[in-house]
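Given chain A's structure and the hints, the job is docking chain B onto it.
Those protein sequences? They're chains A and B, same order as listed.
Throughout the first sequence, residue numbering follows my numbering, covering 143 to 363 in sequence.
Throughout the second sequence, residue numbering follows my numbering, covering 7 to 269 in sequence.
Keep in mind that the hints are not guaranteed to be accurate.
What the hints assert, rightly or not - Within a straight-line C-alpha distance of at most 30 Å, the following computed DSS-like cross-link-like pairs (lysine-lysine) qualify: (1) K146/A / K33/B; (2) K146/A / K147/B; (3) K290/A / K342/A.
Everything labelled a hint here was simulated from the structure, so no lab data went into it.
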Amino acid sequence: MLNKNEQKLREVREKTAEILEDLMISQKLALQAIEACDSKSFEQVKVPLKTINKKVDDVDNLILSIFALYSPEARDLREMVAFLKMTSSLQRIAMNEKNYMKNMEICNPESGEDMRRVIKESLSINRCTIKALEYTVEMIHETEDKDKLKDLASKIDVENSKTDDIYSLIEKDTLQRMHKDHLINEEMLNLLKYIRKNSKIIDRLEDISSRLIFARIGGKL
Amino acid sequence: MAKNNIIMDIKDFDFTYAGVDDPSLKKINLPIEKNKITAMIGPSGCGKSTLLRAMNRIHDLYPGNTYEGEINLYGSEGEKQNILELKKENDFIKLRQKVGMIFQKPTPFPMSIFDNVAYGLKLAGIKDKVEIEERVKKALKDAAIWKETKDRLNKSALGLSGGQQQRLCIARAVALKPEVLLFDEPTSALDPISTGAIEELIAELKKDVSVVIVTHNMQQASRLSDYTAFMYLGDLIEYDKTENIFLNPSEKLTEDYITGRFG
Numbered sequence: 143m144l145n146k147n148e149q150k151l152r153e154v155r156e157k158t159a160e161i162l163e164d165l166m167i168s169q170k171l172a173l174q175a176i177e178a179c180d181s182k183s184f185e186q187v188k189v190p191l192k193t194i195n196k197k198v199d200d201v202d203n204l205i206l207s208i209f210a211l212y213s214p215e216a217r218d219l220r221e222m223v224a225f226l227k228m229t230s231s232l233q234r235i236a237m238n239e240k241n242y243m244k245n246m247e248i249c250n251p252e253s254g255e256d257m258r259r260v261i262k263e264s265l266s267i268n269r270c271t272i273k274a275l276e277y278t279v280e281m282i283h284e285t286e287d288k289d290k291l292k293d294l295a296s297k298i299d300v301e302n303s304k305t306d307d308i309y310s311l312i313e314k315d316t317l318q319r320m321h322k323d324h325l326i327n328e329e330m331l332n333l334l335k336y337i338r339k340n341s342k343i344i345d346r347l348e349d350i351s352s353r354l355i356f357a358r359i360g361g362k363l
Numbered sequence: 007m008a009k010n011n012i013i014m015d016i017k018d019f020d021f022t023y024a025g026v027d028d029p030s031l032k033k034i035n036l037p038i039e040k041n042k043i044t045a046m047i048g049p050s051g052c053g054k055s056t057l058l059r060a061m062n063r064i065h066d067l068y069p070g071n072t073y074e075g076e077i078n079l080y081g082s083e084g085e086k087q088n089i090l091e092l093k094k095e096n097d098f099i100k101l102r103q104k105v106g107m108i109f110q111k112p113t114p115f116p117m118s119i120f121d122n123v124a125y126g127l128k129l130a131g132i133k134d135k136v137e138i139e140e141r142v143k144k145a146l147k148d149a150a151i152w153k154e155t156k157d158r159l160n161k162s163a164l165g166l167s168g169g170q171q172q173r174l175c176i177a178r179a180v181a182l183k184p185e186v187l188l189f190d191e192p193t194s195a196l197d198p199i200s201t202g203a204i205e206e207l208i209a210e211l212k213k214d215v216s217v218v219i220v221t222h223n224m225q226q227a228s229r230l231s232d233y234t235a236f237m238y239l240g241d242l243i244e245y246d247k248t249e250n251i252f253l254n255p256s257e258k259l260t261e262d263y264i265t266g267r268f269g
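Here chain A stands alone, though its shape is the one from the complex:
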């Protein structure tokens, strides 16, 4: 294979990792902003997300030109198809993060104690997401070691299971409290919805990890 081709493949990997890193920065900022319940910090969370669409388009166009110019085969073909599918997941993650942050503006020093408690408990989901993002970036850079790839993919699975469990606990607790008080708190139900949407990010990361396994190890999409 020509170096030119390999350089382009490397460029795709690097640009994709860069998008994931932007998403990770945004998640970390979100965690800090919500922990502090500081509405001013919420604005900063959106900054890394602003260029995601353009970066995703760049990766898509790069892959398109690789198909047109280098006719990738076998492992290279799998990798390019996988990355092409991954970019739409990345775009959706960015959208999820944007919506999540928009809705989490309900968190402020004036919010009720219950609300603040649920939000605080839900931050474990954000921490799991950050870990899963770190593992995904590691998977992008790991092109050879199949065992390490499988290990990283299973770590992402674990983080996903953890978020499911955390959400179930929060939901159960919240509903029990409502039942006890004989009161339906619309705001609280909405909050659960936003938290659930945030936990979807990790589902998409699981999709990305399975695409990377397909790219590097093979099998079916």
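Relative to the frame of chain A, chain B by itself:
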């Protein structure tokens, strides 16, 4: 005056073979960029090899062909020379030193590996043995064949494999420090491994020379070249950056050809 990045400029060029009424090439306009690889693609008989051969006047080995228009070769100071105005045999030899050609079938001379490369240098008037030795060595290194030949420089070049012979021919051309190298389907007679080696070599060579390559292999044109010209029935249909030709061609004819709908 050409822009600094142009090494050759073909303007309104017509070419007619001896004894034929109609021109085989009609009003061709094509710039050749410096230190870039330009690929010429098109179905058999479209005139791509004819155009390539006109670029170092190799057609003049046979009498009676007629040229019209201009093929300008630009020097390092930007001075231009219309190569179609050359008439003397000596001028043709000088031109072919500046614009070398590699053919489809490797054409080593029936002499030693060393002499194959040194031959052109001697013809160019270089007499100093030390200089010849150094330039032969450098040319073989530049053509990525030094390691395989350094211990058998005095052995016949005919004992080399097809791929090695082709790289030797490239070394022979490179030794003369040409400005442009013309490749006429240089890998069509080679296996995939030798093809890969030649392609890598061509990609390396463009640091020092401008390359024009005629190929029937579309993948070779797409992965190797910076610019691509598509020709059909003696016309230049489209010329653009390779990425545009293979991703967004402007002409339907180009698209039909590269997608295999004809040709």
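For each hint, the structure was consulted:
1. Only pairs whose Cα atoms come within 30 Å are accepted, and K146/A paired with K33/B is rejected, the gap being roughly 34 Å.
2. A distance of roughly 21 Å separates the Cα atoms of K146/A and K147/B; the hinted pair therefore holds under the 30 Å criterion.
3. This hinted pair checks out: K290/A and K342/A have alpha carbons roughly 25 Å apart, not beyond 30 Å.
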